[in-house]
Structures are given as C-alpha cells and as structure tokens.
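**Student:** As they're listed, the protein sequences go chains A and B. With the first sequence counted from 1, adding 190 to any position gets you the numbering used here. With the second sequence counted from 1, adding 7 to any position gets you the numbering used here.
Any given hint might turn out to be false.
Listed below are the simulated DSS-like cross-link pairs for lysine-lysine, each with C-alpha atoms no more than 25 Å apart in a straight line [to be verified]:
id, chain 1, residue 1, chain 2, residue 2
1, B, 64, B, 54
2, B, 64, B, 45
3, B, 54, A, 229
4, A, 226, B, 54
Bear in mind the hints are in silico, worked out from the structure with no lab data behind them.
Here is what each chain is made of, one letter per residue.
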Amino acid sequence: MNASVTVGTLLRQVWWRAVSLLSIAGWSVANRRGLKLLKANLTSTQLNDFMTYRRFDVVGGESGRVYRIRYAGTMNVKELDRDGRCVRRLCFYPEGLVPGDIVLAQKVALEAFETETLAIANKFPPLLGRA
Amino acid sequence: MHLQIVMDSNGDSRHEFDPANLSSLATAEARFQELTGKGFRAVALGKDGAPGELIRKFDPQAEQTLFIPQLQGG
C-alpha cells in the first residue's frame, strides 16, 4: 500500500465519520438502534470497511462466495468473483426494519443460511463498468 | 444472562433470560417457538461479528440469538 492510498483511506474515514456524526444527530431512536446493532455485529475488518466505504464484504456460509453489502438503497448486495468484480446483484430484505437492521439481516442470512437466502433473492445482472 | 434480540420497526427488542432458571427458560423457549412459527429465522450470533449459526430448535446454550423477520425478494 502506498502513501497516497493510505492518506486517501484516512481522509475517507474522517469524512464518513464526520458525516455520520452530523447525520445521526437527526436520526430516529430506531435508526440509531439499528446502526448500533449492526456495528456491534461486524468483524473488525467489516467495521473498518463500513466506516470507510459504507460497505463491507461477507463470505457465504455454504459456498464460500464473497458478497459485498452496501449501506444504501435497493439491490445493495453484490456477488463478487475472485477478482472482486460484480457477477450479479441481489435484492432481498426483511420488511419493516430500519436500514441498519436490514443490512445486518443480509449479512447474517448470507453467513448462516445462504442457500435459502439465494432462493428468495431476486437476481439482476451487474451494472456495466462497476465493480 | 442470555439474550434474545428481535428485529422490529423500533430497531430491536431485547429479552434476557437465565438459562439456569426453569421459568425464565420456559418463557424464552415460548418466545422462540412463537417467533419462528411466524417465519422469523433464529441465528445464534458469533462473537465479535463472526458468522452465526441458524438454529431450528431452541438452544438454551446460545448466549445471543438474533431473530430476523422473513426475508423477501425485492
């Protein structure tokens, strides 16, 4: 890792943490609880990625495939190939939950009951030109 | 004390139980049966974010169990 990458990563972390502090101030108690529960159940690597990029990677509990979960919007789960490229996008979620809970549910589902989760998920092709 | 965490619209609801207390254990097991009967998935959470384990029968040894509402495709 070169110095510019390290500085870039640090700046990104500072940026997201500052944005988090500002935005969380206006959040509901439910949203805060969801985010707290999510952060409490990420590994140190996942937490660092989440705080830096607002996404983290999960290894499928049955296939060993890697999924990238982003903390935003719909179709926020990507299945990656060995080179880290998106091979398909997945859409699945539990209804009626706050964003932090949804993302945690997606992580836990892929790790603990991947096959069942994939059977439920709707699958979409990757967006061209995006990892 | 062990903990059952139920995801809901308020973020989550938490229910502690004492695995050494029969009454507390019965309440926790009844909650497990009720939630899984409604379609929730119960996962024994791993430590420090490690992968959890899907549990289909009530496990009094699970220190933290997360209940996830039924998933749906979007």
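**Student:** Please verify whether residue 64(B) and residue 54(B) have alpha carbons no more than 25 Å apart.
**Tutor:** holds, 20 Å
**Student:** Between residue 54(B) and residue 229(A), is the straight-line Cα distance small enough, at 25 Å or below?
**Tutor:** Judged against 25 Å, a Cα distance of about 13 Å means the pair holds.
**Student:** Between residue 64(B) and residue 45(B), does the CA-CA distance stay at or below 25 Å?
**Tutor:** This hinted pair holds, its Cα atoms lying about 14 Å apart.
**Student:** Would the pair residue 226(A) and residue 54(B) pass a check requiring their Cα atoms to be no farther apart than 25 Å?
**Tutor:** holds, 16 Å
The earlier numbered hints are all upheld by this structure, with none contradicted.
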